[in-house]
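Asks: Each protein sequence line maps, in turn, to chains A and B.
For the first sequence, this note's numbering gives the first residue as 1, with consecutive numbering after it.
For the second sequence, this note's numbering gives the first residue as 1, with consecutive numbering after it.
Mixed in with the good hints there might be a few duds.
No copy is singled out in the list; a pair is fine if it fits within one copy or between any two copies.
[To be verified] 20 Å max Cα-Cα, derived PhoX-like pairs, lysine-lysine:
id : residue 1 : residue 2
1  : Lys308    : Lys204
2  : Lys280    : Lys315
3  : Lys300    : Lys260
4  : Lys72     : Lys8
Source of the hints: derived by calculation from the structure; they are not laboratory data.
Protein chains: 2
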Amino acid sequence: MDLISRVKARETRALARALTHVENGDEVFLAALDGEYASLPHPERIGITGPPGSGKSTLTSTLITALRKQAKRVGVVAVDPSSPFSGGALLGDRLRMTEHTLDDDVFVRSMASRGRFGGLAIGSEDACDVLALGGFDPLIVETVGVGQSEVDIARLADTTVVVLTPSAGDSVQALKAGIMEIADVVVINKADRDGAERLEEDIKEGLELRPHPPEGEPFWQPPVVRTIATQNAGAEELLTAISSHRGFLTGNGLLASVRKRRLESRLSDLAGAGLLAALKTGDRAKPAFEAVRGEVLAGKLSPRAAVKALLNQLKL
Amino acid sequence: MDLISRVKARETRALARALTHVENGDEVFLAALDGEYASLPHPERIGITGPPGSGKSTLTSTLITALRKQAKRVGVVAVDPSSPFSGGALLGDRLRMTEHTLDDDVFVRSMASRGRFGGLAIGSEDACDVLALGGFDPLIVETVGVGQSEVDIARLADTTVVVLTPSAGDSVQALKAGIMEIADVVVINKADRDGAERLEEDIKEGLELRPHPPEGEPFWQPPVVRTIATQNAGAEELLTAISSHRGFLTGNGLLASVRKRRLESRLSDLAGAGLLAALKTGDRAKPAFEAVRGEVLAGKLSPRAAVKALLNQLKL
Numbered sequence: 001m002d003l004i005s006r007v008k009a010r011e012t013r014a015l016a017r018a019l020t021h022v023e024n025g026d027e028v029f030l031a032a033l034d035g036e037y038a039s040l041p042h043p044e045r046i047g048i049t050g051p052p053g054s055g056k057s058t059l060t061s062t063l064i065t066a067l068r069k070q071a072k073r074v075g076v077v078a079v080d081p082s083s084p085f086s087g088g089a090l091l092g093d094r095l096r097m098t099e100h101t102l103d104d105d106v107f108v109r110s111m112a113s114r115g116r117f118g119g120l121a122i123g124s125e126d127a128c129d130v131l132a133l134g135g136f137d138p139l140i141v142e143t144v145g146v147g148q149s150e151v152d153i154a155r156l157a158d159t160t161v162v163v164l165t166p167s168a169g170d171s172v173q174a175l176k177a178g179i180m181e182i183a184d185v186v187v188i189n190k191a192d193r194d195g196a197e198r199l200e201e202d203i204k205e206g207l208e209l210r211p212h213p214p215e216g217e218p219f220w221q222p223p224v225v226r227t228i229a230t231q232n233a234g235a236e237e238l239l240t241a242i243s244s245h246r247g248f249l250t251g252n253g254l255l256a257s258v259r260k261r262r263l264e265s266r267l268s269d270l271a272g273a274g275l276l277a278a279l280k281t282g283d284r285a286k287p288a289f290e291a292v293r294g295e296v297l298a299g300k301l302s303p304r305a306a307v308k309a310l311l312n313q314l315k316l
Numbered sequence: 001m002d003l004i005s006r007v008k009a010r011e012t013r014a015l016a017r018a019l020t021h022v023e024n025g026d027e028v029f030l031a032a033l034d035g036e037y038a039s040l041p042h043p044e045r046i047g048i049t050g051p052p053g054s055g056k057s058t059l060t061s062t063l064i065t066a067l068r069k070q071a072k073r074v075g076v077v078a079v080d081p082s083s084p085f086s087g088g089a090l091l092g093d094r095l096r097m098t099e100h101t102l103d104d105d106v107f108v109r110s111m112a113s114r115g116r117f118g119g120l121a122i123g124s125e126d127a128c129d130v131l132a133l134g135g136f137d138p139l140i141v142e143t144v145g146v147g148q149s150e151v152d153i154a155r156l157a158d159t160t161v162v163v164l165t166p167s168a169g170d171s172v173q174a175l176k177a178g179i180m181e182i183a184d185v186v187v188i189n190k191a192d193r194d195g196a197e198r199l200e201e202d203i204k205e206g207l208e209l210r211p212h213p214p215e216g217e218p219f220w221q222p223p224v225v226r227t228i229a230t231q232n233a234g235a236e237e238l239l240t241a242i243s244s245h246r247g248f249l250t251g252n253g254l255l256a257s258v259r260k261r262r263l264e265s266r267l268s269d270l271a272g273a274g275l276l277a278a279l280k281t282g283d284r285a286k287p288a289f290e291a292v293r294g295e296v297l298a299g300k301l302s303p304r305a306a307v308k309a310l311l312n313q314l315k316l
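Chain A with its partners taken away, still in its complex shape (with noise of 0.2 Å):
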C-alpha cells in the first residue's frame, strides 16, 4: 500500500512518515499529496500563540484532554520558526512529553523553520493537509510567539488564540503592539497569579480599540477566558470560547472567506518560493539570472539594477 494510502488508513507510522517528506520539501511525496487536494477534508483549526513562557504546551496539552472526552481526534501542528535559541522541535519535544503520548487518537508534530521566504508557512499547511488526511479533527497549530510567526498563524487558523500571562511589563507591550488584532480569543494563562485582574481590565481596554467592521456587518468581540493549564483549569471554558468563535463564522457564512485568505496566502507563499526556484534551474530565468549576478558580484550592476534588468529581460 503507498504512503498516502496507509496515512488515510490511519497509519500512525505513515503519518510520521509522510510529515517527515513534508518537513524536507520532498517533491514525490508533495506531488502525492497534492493529488488527493480535490478531496481533502477540511478538519476545524485553532490556533495558539503567545510570548515564550506563556505555558502554551500545556494549555494545548489540556485542551487534547478536553477534546478527547469529545471523542475528538486531534491533530497538533506545533510551528517553531526554528531560532537557534529556542532550538527547532522544542515545542513538539514538549507537547511529546505528555500524557497523550501513547494515545493513537493524538498526533503531534512540531516542525521547524527551514530556509526563507515562506518556508515555514509552505510546510506548516502541507503538514496541516496530512493531518486533515490522516482523519484528525480539530487540528491545533501552535507557535511560539516571536516575530512574523504570530501574525502567519492567524492566517493558519479558523480560530486564533492568543495566550498571555499576568507578569511585568508583558500586558502593555502585547496592547501596544496590536497583538489584539489578530485574537479571536484571549486566554490570561496563569491566572493565579498576581496582576491577572489588571491584565484582564488592560485586554479588555485593548480590545475596545480594535477597529469596528462597517455598520451592519458580523462583529466578533473576543471573550477573555482564565486559565490555570498546570492544573487543568480553564480548559472546558476556552472550549466553550472556541465553539462560540466558530459557531460566529459559520452563522455569518464567513467560514469561507476566512478560508480564500488562507488559500490567497497560500498559492502567494508557493508562487513565492517557486519563481525563486527558477532561478535557479529554469530554462529562461537561470541564464538571465546568472548574467545579472555575475554583473553585480563584479561591481558593475547594483542589487537593484540587476534585479531591474532580470525582469525586464524576462519580460514579466
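For chain A, the structure is supplied; the task is to place chain B on it using the hints.
Replies: Same frame as chain A, now just chain B:
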C-alpha cells in the same frame, strides 16, 4: 540641496528622513540611493544578537561609548522582527533613551519588519547604505534573537557577536541549536551572575564541536568575553575581540568573501521581492497569475498545481 547630498553632508535630520524613506520602501528615494551605489563607502559592520533579556541594547550602548573614545562615528541599525509581543521599535527606543541621544556622531535607527519575503533584510541593507553614505563607521546591526533573524544578521555583519547570559537552561539550548555556528565572538553578559563559569564551559565545549575548515585553510576560534554591560565592564575587551576577528578576516583576505556572500543574499532577496511584485503588476505575469488564482479560488486547481502552471506559462 537634495536629500542624498544632505545625507552626505551628514545632516542629522536628512538622515532621519532618508531612513524613513527606506522603511517605507519609497521607490524614488531608493532609486536615488541606488545611484550612489558605485561610490558607497564600506564601513565595518558589527552584528549583535542574542535572546530577549540578554542585555543586547545596554551592551550596544557601552560599545558605542568605547567606540566614541576612539573618535569613531557610530551608526546603529536595530533590527526588530516586529513581534506583536515585543513591539516594533523596542530596541531602538531603548537605545535612544541612553546617553548617546545628544551626540551627533551617533545615529540609532530601528527597523521593523514589513510584510514577508525578505523585507526586513532588504530594508536593513538599505539602512546600512544610508548610514554609510552619512559617513558612519562602524555600523552596529543589533537584532533581537528570535526566529530566522539571527541567521540573517550573520549575513548583514562582518563580525557577529552572540550575547548570552548565565540563566537556567539557556546555555544548553543555545549550544544545542547551533547558535555557535554564527558566532564570531561570544559574550557572556551579566557575568556577575551565578552560573557564568558553567556557561563559559558549555560555550567552549560547543565551540569545540564546530566543523573545522579543510586542512590549511584559515580557522577562527571565537573568543568568549565576559561583560557586565550595566556597569560598563568588559566593553574594551569586547572591542578588542571584534578587532581581532576583523584582523583575521582582512589578514586572510576573507573580507571580500564575506561581502560577496552578503551581496548574493541581497540580490536573492531583491529578486524574490521583485518577482512577487511582478505577479501583481507585470504585463505578462499579472494576467497569468490572475488566471491561475481564479482557478485556485474556484477549487479547480490546487495551489501547487497552479504555481506549476504559472511557471510553465511564463516559460521561466
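Asks: Hint by hint, say whether it matches the structure.
Replies: Going through the hints against the structure:
{"no.": "1", "hint": "Lys308 <-> Lys204", "in the structure": "neither (48 Å within a copy, 46 Å between copies)"}
{"no.": "2", "hint": "Lys280 <-> Lys315", "in the structure": "both (18 Å within a copy, 14 Å between copies)"}
{"no.": "3", "hint": "Lys300 <-> Lys260", "in the structure": "between (44 Å within a copy, 14 Å between copies)"}
{"no.": "4", "hint": "Lys72 <-> Lys8", "in the structure": "within (17 Å within a copy, 64 Å between copies)"}
Going through the hint list in order, the structure does not satisfy hint 1, though it satisfies all others.
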